[in-house]
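Each protein sequence line maps, in turn, to chains A and B.
Position one of the first sequence corresponds to residue 1 (our numbering), numbered consecutively onward.
Position one of the second sequence corresponds to residue 1 (our numbering), numbered consecutively onward.
Misleading hints may appear alongside valid ones.
Claimed, not checked - Here are some, though not all, of the chain B residues that point toward chain A, as calculated from beta-carbon distances under 7 angstroms:
1) 115
2) 128
3) 132
4) 134
5) 265
Calculated from the structure, these hints are not laboratory results.
Glycine included, C-beta positions come from ideal geometry on N, C-alpha and C.
2 protein chains.
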Amino acid sequence: MKIGIIGFGAIGFDVAKKLDKETDIFNVIGVHSRTKNKIIDKTSSFNSPLRYFSLDEICKKSDVIIDCAPKEAFKEIIQKCFDCKTKLITVSGAGILENQEIINKAREYSTQIFLASGAIIGLDGLSAVSEGKVDYVKMITRKPPNALIKAKFVVENKIKLENLNEPKLIFSDNALEGAKAFPANVNVAAAVGLAGVGAKKTQLEIWADPTITKNTHTILVKSDSSNFKIEIENIQSVENPGTGKITALSVVATLRGMISSLKVGT
Amino acid sequence: MKIGIIGFGAIGFDVAKKLDKETDIFNVIGVHSRTKNKIIDKTSSFNSPLRYFSLDEICKKSDVIIDCAPKEAFKEIIQKCFDCKTKLITVSGAGILENQEIINKAREYSTQIFLASGAIIGLDGLSAVSEGKVDYVKMITRKPPNALIKAKFVVENKIKLENLNEPKLIFSDNALEGAKAFPANVNVAAAVGLAGVGAKKTQLEIWADPTITKNTHTILVKSDSSNFKIEIENIQSVENPGTGKITALSVVATLRGMISSLKVGT
Numbered sequence: 001m002k003i004g005i006i007g008f009g010a011i012g013f014d015v016a017k018k019l020d021k022e023t024d025i026f027n028v029i030g031v032h033s034r035t036k037n038k039i040i041d042k043t044s045s046f047n048s049p050l051r052y053f054s055l056d057e058i059c060k061k062s063d064v065i066i067d068c069a070p071k072e073a074f075k076e077i078i079q080k081c082f083d084c085k086t087k088l089i090t091v092s093g094a095g096i097l098e099n100q101e102i103i104n105k106a107r108e109y110s111t112q113i114f115l116a117s118g119a120i121i122g123l124d125g126l127s128a129v130s131e132g133k134v135d136y137v138k139m140i141t142r143k144p145p146n147a148l149i150k151a152k153f154v155v156e157n158k159i160k161l162e163n164l165n166e167p168k169l170i171f172s173d174n175a176l177e178g179a180k181a182f183p184a185n186v187n188v189a190a191a192v193g194l195a196g197v198g199a200k201k202t203q204l205e206i207w208a209d210p211t212i213t214k215n216t217h218t219i220l221v222k223s224d225s226s227n228f229k230i231e232i233e234n235i236q237s238v239e240n241p242g243t244g245k246i247t248a249l250s251v252v253a254t255l256r257g258m259i260s261s262l263k264v265g266t
Numbered sequence: 001m002k003i004g005i006i007g008f009g010a011i012g013f014d015v016a017k018k019l020d021k022e023t024d025i026f027n028v029i030g031v032h033s034r035t036k037n038k039i040i041d042k043t044s045s046f047n048s049p050l051r052y053f054s055l056d057e058i059c060k061k062s063d064v065i066i067d068c069a070p071k072e073a074f075k076e077i078i079q080k081c082f083d084c085k086t087k088l089i090t091v092s093g094a095g096i097l098e099n100q101e102i103i104n105k106a107r108e109y110s111t112q113i114f115l116a117s118g119a120i121i122g123l124d125g126l127s128a129v130s131e132g133k134v135d136y137v138k139m140i141t142r143k144p145p146n147a148l149i150k151a152k153f154v155v156e157n158k159i160k161l162e163n164l165n166e167p168k169l170i171f172s173d174n175a176l177e178g179a180k181a182f183p184a185n186v187n188v189a190a191a192v193g194l195a196g197v198g199a200k201k202t203q204l205e206i207w208a209d210p211t212i213t214k215n216t217h218t219i220l221v222k223s224d225s226s227n228f229k230i231e232i233e234n235i236q237s238v239e240n241p242g243t244g245k246i247t248a249l250s251v252v253a254t255l256r257g258m259i260s261s262l263k264v265g266t
């Protein structure tokens, strides 16, 4: 299976580095990125240094594209993948949420989009219970105040986060509204929505919490088959503190599941 | 995609009933079960009543087999699937754990085995963090004392569970030993092991807990990318109190992920 990577920031590079350790399993043919020249430099110490391809070329030559590009590029990338019947792995829950017509389009073009779990976990459980009756899905995000201070919603609503002594609830609505108000939270909220009952029916609370130093997400689910609670605390990636290390790993795990003889998990 | 079901107990029947509601999406061609005659009776009210096939026939005619048979049949089923290059969805983590050579064999035969999450969730997260460095995976199972009183380990070790006033730790070892000692817990322990660091490195505690009425599992993970905690409480299926309703739903979700234009989750 020929693999192409689009986007070579913190996630794309991390994915490439991981895949390069198993060149017998993963056949990465190259990268498309806006910073063309950096690809050769950045991969010069790889077992298999990576080539640059144009967007057209990489979609044509690959069986599966790993999309690690900014959200703005999502629509163009997915259309190219459709045209070439190339499968797409992405963490851009936001891209999917904003362009839901692509789900039907992927069917028409006989291809498949894989939304990796990214910075969240338990989407397997959400998918499973959503085959039955779900009473509620609630996501609670807690971030240190300094991680929220520049958020659009906080600025526009003049919410004071300086010198907080205790956790402060700053947003409580559905995940669709939450994704708009807190762009940094959008992929997680979108993924939880898409895996479960939809972003509009997914409740979201955002807390500025001076008692913590890492971003955390809690998901609470009540359904007719299972009640569960997930708490996750992600460790920042070295290259980009805004991205958790687990995001690139979830992409690699998704790819492995596609080609492994044993795929574990729903 | 032609779907065949093997085994028509609580899980197989629940899966069939769910798939029958979407005959435009899921093309179930029939069932193999030891209780041949019951299939027609049990599915007479279906939109599309199901036919009986022999094991040979169903593996030959299907593109994907859903294995809902007892563990004892696993090895025979998987070999037939290999011979016919038929994909297999199973919840038999135990079957895979006891026959790990099948993972290489599936590769040789160019087919794929899908282990659905079954009674557990968060295998997406476990798969992702296991692409990095995992410090530990610990599973804690809590069951009401009466759900454990007949367990092999409890009987053989003459552990007294009558009149407990508080939770009692009755087992603490790795998940491989736990799977042997507590056969009713084996699929969950095996799945957590297979998704993560292996059953031997997965710690398992089993508690008899008089303060609860439902079986619960907690999974604790510490890794270099993410720390997380999962707590799940499953609701029994109507047909068989030993099986949670989520198990059949996770099989349907796995199947949907295989054929959907959008597959959400690692």
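Here's how the hints hold up against the structure:
At about 5 angstroms, the closest approach between the beta carbon of residue 115/B and any beta carbon in chain A falls short of 7 angstroms, and the interface hint on this residue holds. For residue 128/B, the suggested interface contact is upheld, since its CB lies about 4 angstroms from the closest CB of chain A, less than 7 angstroms. Interface restraint check for residue 132/B: the shortest CB-CB distance to chain A comes to about 5 angstroms, inside 7 angstroms, so the restraint holds. Against a cut-off of 7 angstroms between C-beta atoms, the interface hint on residue 134/B is violated, since the closest Cβ of chain A lies about 11 angstroms away.
For residue 265/B, the shortest C-beta to C-beta distance to chain A is roughly 3 angstroms, which falls under 7 angstroms, so the interface hint holds.
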